[in-house]
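J.: Taken in order, these protein sequences are the chains called A and B. Each residue of the first sequence is one higher than the last, beginning at 154 in my numbering. Each residue of the second sequence is one higher than the last, beginning at 154 in my numbering.
Hints should not be assumed to be uniformly reliable.
Note: identical chains are not told apart, hence a pair may lie in one copy or across any two.
Stated by the list, open to error - Capping the alpha-carbon separation at 30 angstroms, the derived lysine-lysine pairs in DSSO-like fashion look like this: (1) Lys256 - Lys174; (2) Lys237 - Lys423; (3) Lys429 - Lys188; (4) Lys262 - Lys423; (5) Lys262 - Lys374; (6) Lys374 - Lys188.
What the hints contain is simulated information worked out from the structure, not anything from laboratory work.
Protein chains: 2
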Amino acid sequence: MNIAIIGLGLMGGSAAIDLKKRGFAGKIIGVDNNKLHAETALHVGIVDEIATLDEAIRQSDLIMVAVPVDSALKLIPKILDRIKGQAITDMCSTKEMICRLVKYHPKRKNYVAAHPMAGTEFSGPWAAMSGLFDGKAVIFCDAEESDIRALATVRRMYETLNMRITFMDSTNHDRHVAYVSHISHISSFALALTVLDQERSQKHIFDLASGGFDSTVRLAKSSAEMWSPIFEQNAENVVQVLETYINKLKNFKDAISEGDRARMDDLINKSNKIKKILK
Amino acid sequence: MNIAIIGLGLMGGSAAIDLKKRGFAGKIIGVDNNKLHAETALHVGIVDEIATLDEAIRQSDLIMVAVPVDSALKLIPKILDRIKGQAITDMCSTKEMICRLVKYHPKRKNYVAAHPMAGTEFSGPWAAMSGLFDGKAVIFCDAEESDIRALATVRRMYETLNMRITFMDSTNHDRHVAYVSHISHISSFALALTVLDQERSQKHIFDLASGGFDSTVRLAKSSAEMWSPIFEQNAENVVQVLETYINKLKNFKDAISEGDRARMDDLINKSNKIKKILK
Chain A
154 MNIAIIGLGL MGGSAAIDLK KRGFAGKIIG VDNNKLHAET ALHVGIVDEI
204 ATLDEAIRQS DLIMVAVPVD SALKLIPKIL DRIKGQAITD MCSTKEMICR
254 LVKYHPKRKN YVAAHPMAGT EFSGPWAAMS GLFDGKAVIF CDAEESDIRA
304 LATVRRMYET LNMRITFMDS TNHDRHVAYV SHISHISSFA LALTVLDQER
354 SQKHIFDLAS GGFDSTVRLA KSSAEMWSPI FEQNAENVVQ VLETYINKLK
404 NFKDAISEGD RARMDDLINK SNKIKKILK
Chain B
154 MNIAIIGLGL MGGSAAIDLK KRGFAGKIIG VDNNKLHAET ALHVGIVDEI
204 ATLDEAIRQS DLIMVAVPVD SALKLIPKIL DRIKGQAITD MCSTKEMICR
254 LVKYHPKRKN YVAAHPMAGT EFSGPWAAMS GLFDGKAVIF CDAEESDIRA
304 LATVRRMYET LNMRITFMDS TNHDRHVAYV SHISHISSFA LALTVLDQER
354 SQKHIFDLAS GGFDSTVRLA KSSAEMWSPI FEQNAENVVQ VLETYINKLK
404 NFKDAISEGD RARMDDLINK SNKIKKILK
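The shape of chain A in the complex, shown without the other chains (with noise of 0.2 angstroms):
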């Protein structure tokens, strides 16, 4: 089949290069606002032509909307207006205000709101890879809205990608995202300015970074483009995570200007218990 896909920086590209390689698309045609990006992937074979977004929903099966999510908002209604009986996902990290957005669309049934959990502190078509999505889990929400041929067209698509399907609602989704992912990009963004501020020469950041600090701090790396729009349309409930993982440090600043070891030791034998839950 032949899948249009808008935005081709590292979701988009990613899954250009193994639907295609692994069969299950045809053509890829690519749409992209930004010319470098565009011509990109075109030069080093992401997708097979670059054309305008009406050129590129006519000509195809399926369209993948994998643009940050402001943008996001304002194409998918957009695409909707002008299929004709297509299929349409997007890859956004927050899914709530979209589904309401487009809740009484007369095509809302064509649209499968999904949410691939991959991604690198990377981004731009550049960053695409093979492989990037496989084993790790995608979220369709508020499945019960989309059609089921739609739904049957994005499903096989994610198997290709090898990535395990979850089924949860749009509200669940965001509050979930908020604690498992948000949180953490949250944490990275502020780790990197704490020390930014304060170790004004680099040198010393640079030899002392073996102590653990670039794991916590590689989301820093990530954009303000992509992460800015999931604040804004999660905030309320980012702002809510963010509220206790503020009391969870306090906690230990306490814990440490009282030298109380035995409330350290308590609050991190609490932490560990982590372990059974990620490998």
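Start from chain A and add chain B according to the hints.
T.: Coordinates of chain B only, in the frame set by chain A:
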């Protein structure tokens, strides 16, 4: 040369493996209060024999202390009392208090304060591995207090472990590691606590763990036995860094709850500067 390694966990065990394999160590004599650790280390061949502390000191040319910092504070002066002319070094993550404690010890010159910046979130002889130290930094503190022979021996040992040697005074060392190592661990512990508090359904945590959470929370598997004493000994620096970190998080919280996109962008763009420093 014969090396006594006191503490047969991740750090001491990993050093033993490579020092033997790479021909630096003749016999490795292990000492550990924990009988299971000692027997395991002997059984899997990390050490050549297990001995009492006195026996190990008597037989060795170099003594490596690889125990949590609270035990090291008690152990290092005791070993200095008993050695003849051997070099002694340790692997602890805080250095100021130890250096202050032995400053006027008659055999201070035999002691080389060093901090190899390497590790994983695992512990015990089971976690010991070849290559743990390769390419990482080791910080020698207050090196002018050590004599040339002891320094040369410990230096050759860390060169065998393929570490980059950096020199720093112990006060600066403790301030720097608060920023680039200790805060990362607290950030991770607090993140784990936040998620564990809220996500009752462990199924969801697992499914959603693809979103960056796994890398930021990795360090939360680290043990209280090792980390509480570090926070205790580096309390002043750690509390100061925690205050800065909490303030940065509050900046994010304010920007997000006010929907201030420009401020979110600004915070993220500034934090992205960490890219220039870390690879």
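J.: Evaluate each hint against the coordinates.
T.: These are the hints, each one checked on the structure:
1. Taking CA atoms no more than 30 angstroms apart as the test, Lys256 paired with Lys174 passes in neither setting, with 35 angstroms inside one copy and 65 angstroms between copies.
2. With identical chains, the CA atoms of Lys237 and Lys423 are never at most 30 angstroms apart, being 54 angstroms at best within one copy and 44 angstroms at best between copies.
3. In this homomeric assembly, Lys429 and Lys188 come within 30 angstroms of each other (Cα to Cα) only across copies, at 26 angstroms, whereas the closest approach inside a single copy is 46 angstroms.
4. Taking identical chains as interchangeable, the C-alpha atoms of Lys262 and Lys423 are never at most 30 angstroms apart, the minima being 45 angstroms within one chain and 41 angstroms between chains.
5. For the identical chains of this complex, Lys262 and Lys374 are neighbours neither inside a copy (37 angstroms) nor across copies (44 angstroms), given an alpha-carbon limit of 30 angstroms.
6. Taking identical chains as interchangeable, the C-alpha atoms of Lys374 and Lys188 lie at most 30 angstroms apart only when both belong to the same chain, with a minimum of 23 angstroms there against 45 angstroms between chains.
Of the numbered hints given earlier, the model fails hints 1, 2, 4 and 5; all others are met.
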